[in-house]
Amino acid sequence: MTQHLRRLWLTLLLLLVLLAIEFGVSFLPLDRAARPLVLIPAVLMVGAVGTMFMQVGQGPTIVRLFATSGLLWLTILLGLGSLDPMTRTDYHVQDASPK
Amino acid sequence: MSETYLPHEFQYSSARHQAETAISGMWLFLATEVLFFGALFLTWIYSRHWNQAGFDAGAQQTQLAIGTINTVILVTSSLVYSAGLAFIEVGNTRRLIQCCALAWMLGLSFLILKFGVEWYLDFSAHLFPGPDFAISGPLSGGARLFFVFYFVSTALHGLHMTGGLVLVGWIILRAQRAEFSSAYFTPVAVVGLYWSFVDMVWIVLYPLIYLVGRGS
Numbered sequence: 001m002t003q004h005l006r007r008l009w010l011t012l013l014l015l016l017v018l019l020a021i022e023f024g025v026s027f028l029p030l031d032r033a034a035r036p037l038v039l040i041p042a043v044l045m046v047g048a049v050g051t052m053f054m055q056v057g058q059g060p061t062i063v064r065l066f067a068t069s070g071l072l073w074l075t076i077l078l079g080l081g082s083l084d085p086m087t088r089t090d091y092h093v094q095d096a097s098p099k
Numbered sequence: 100m101s102e103t104y105l106p107h108e109f110q111y112s113s114a115r116h117q118a119e120t121a122i123s124g125m126w127l128f129l130a131t132e133v134l135f136f137g138a139l140f141l142t143w144i145y146s147r148h149w150n151q152a153g154f155d156a157g158a159q160q161t162q163l164a165i166g167t168i169n170t171v172i173l174v175t176s177s178l179v180y181s182a183g184l185a186f187i188e189v190g191n192t193r194r195l196i197q198c199c200a201l202a203w204m205l206g207l208s209f210l211i212l213k214f215g216v217e218w219y220l221d222f223s224a225h226l227f228p229g230p231d232f233a234i235s236g237p238l239s240g241g242a243r244l245f246f247v248f249y250f251v252s253t254a255l256h257g258l259h260m261t262g263g264l265v266l267v268g269w270i271i272l273r274a275q276r277a278e279f280s281s282a283y284f285t286p287v288a289v290v291g292l293y294w295s296f297v298d299m300v301w302i303v304l305y306p307l308i309y310l311v312g313r314g315s
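In order, the protein sequences belong to chains A and B.
This note's numbering puts the first residue of the first sequence at 1, with every later residue one more than the last.
This note's numbering puts the first residue of the second sequence at 100, with every later residue one more than the last.
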């Protein structure tokens, strides 16, 4: 019991450290296109909440299946959805409308 | 007490089977919620990609201090609820009630800060993307898109938080009636999953709203 509570407190500490890193990194003068890298600590925080607070690893196998499926479909949704904006090349077209 | 002697509904082979089904059901629901919020995250990717300067100009108008305090509040409430679950696993109902009450108050503080203070400041600063929107010029379109994302995502998250508050309140009431013990605490675990999930969503929304556009 005490050990479990200690693990929970350590998780909170980890979350706050990651939050502080995320907060600090957001003020770095990164290129506008590279700024979504600020999200990396957030992804780690989500992992910490999932494993320590929601204990995804300790449930029955079907729980892990549902959690993995959710992540898989999210990856497909964001991956396929981002494909167009990330790969399209825009060519500047001069305005040809009559003056 | 052996689980064999625990009461369970007729369709389950044991109380453990019933508990695992309830927990699996909540995880299945959360998997659908991931897709629900996933569409919102995709709109962020799409809108920002085509309007980076305006989108970031909008993000710079947000209340960073309130957003950061709210993030600390939510992760703390997740910890407190998880501690309550750990306490009921060893049969300590009094501590469960205390933890749930604290988690409930932290959740309420989040909503007050978000909708009572932050939204009020946003509306006062004319940041609602209506006719008197504060940001004009070439960045106006992107900034408007940002604030559409901001208001929709925080409203949806707030609705989920409100649902979570109702559920945590329901757990407190049931715990006060001594309905939970070290042998039976499935509803506490199921509501805990939902509460932590709502926290997870905010952990992702926080950098999308307040941080990514901040330093550019």
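Quick caveat, the hints were computed from the structure, so don't treat them as lab data.
Check each hint, because a few of them may be wrong.
Here are some, though not all, of the chain B residues that point toward chain A, as calculated from beta-carbon distances under 10 Å [what the hints assert, rightly or not]: (1) Ile211; (2) Phe214; (3) Ala254; (4) Leu258; (5) Ser295; (6) Leu307.
Computed list of chain B residues with no C-beta within reach of chain A, every gap over 12 Å [to be verified]: (7) Gly137; (8) Gln151; (9) Ala182; (10) Ala185; (11) Val216; (12) Glu217; (13) Trp218; (14) Leu220; (15) Ala224; (16) Pro230; (17) Pro237; (18) Phe250.
Glycine included, every Cβ here is placed at the ideal spot set by N, Cα and C.
Structure-based check of all given hints:
Look at Ile211(B): its Cβ only gets to about 21 Å from chain A, farther than 10 Å, so that hint breaks. Taking 10 Å as the C-beta contact cut-off toward chain A, the hint placing Phe214(B) at the interface is violated, the least distance being around 22 Å. Annotation: Ala254(B) was flagged as interfacial toward chain A, and the flag is violated, the nearest CB pair being 21 Å apart, outside 10 Å. With a least beta-carbon distance of about 20 Å to chain A, the hint placing Leu258(B) at the interface is violated under the 10 Å criterion.
A cut of 10 Å between beta carbons decides the hint on Ser295(B): the least distance to chain A is about 4 Å, and the hint holds. Taking 10 Å as the C-beta cut-off, the interface hint given for Leu307(B) holds, the closest approach to chain A being about 8 Å. At roughly 5 Å from the closest C-beta of chain A, the C-beta of Gly137(B) falls inside 12 Å, breaking its exclusion from the interface. Not every C-beta of chain A lies more than 12 Å from that of Gln151(B), the closest at about 5 Å, which undercuts listing it as non-interface.
Distance check on Ala182(B): its Cβ comes as close as 6 Å (rounded) to a Cβ of chain A, failing to clear the 12 Å threshold; non-interface status is violated. With a cut of 12 Å on Cβ distances, Ala185(B) falls inside the contact zone with chain A, its closest approach being about 5 Å. The Cβ of Val216(B) lies farther than 12 Å from every Cβ of chain A, with a closest approach of about 20 Å, so its non-interface assignment holds. At roughly 17 Å from the closest C-beta of chain A, the C-beta of Glu217(B) stays outside 12 Å, upholding its exclusion from the interface.
Every beta carbon of chain A lies more than 12 Å from that of Trp218(B), the smallest distance being close to 22 Å; the non-interface claim holds. With a least CB separation of 20 Å from chain A, Leu220(B) remains clear of the 12 Å interface cut-off, as annotated. Non-interface call for Ala224(B) relative to chain A: holds, since the shortest CB-CB distance, roughly 21 Å, exceeds 12 Å. Residue-level check passed: Pro230(B) sits 28 Å from the nearest beta carbon of chain A, beyond 12 Å.
Non-interface status of Pro237(B) relative to chain A is upheld: no Cβ of that chain comes within 12 Å, the nearest being about 15 Å off. Distance check on Phe250(B): its Cβ is at least 21 Å (rounded) from any Cβ of chain A, clearing the 12 Å threshold; non-interface status holds.
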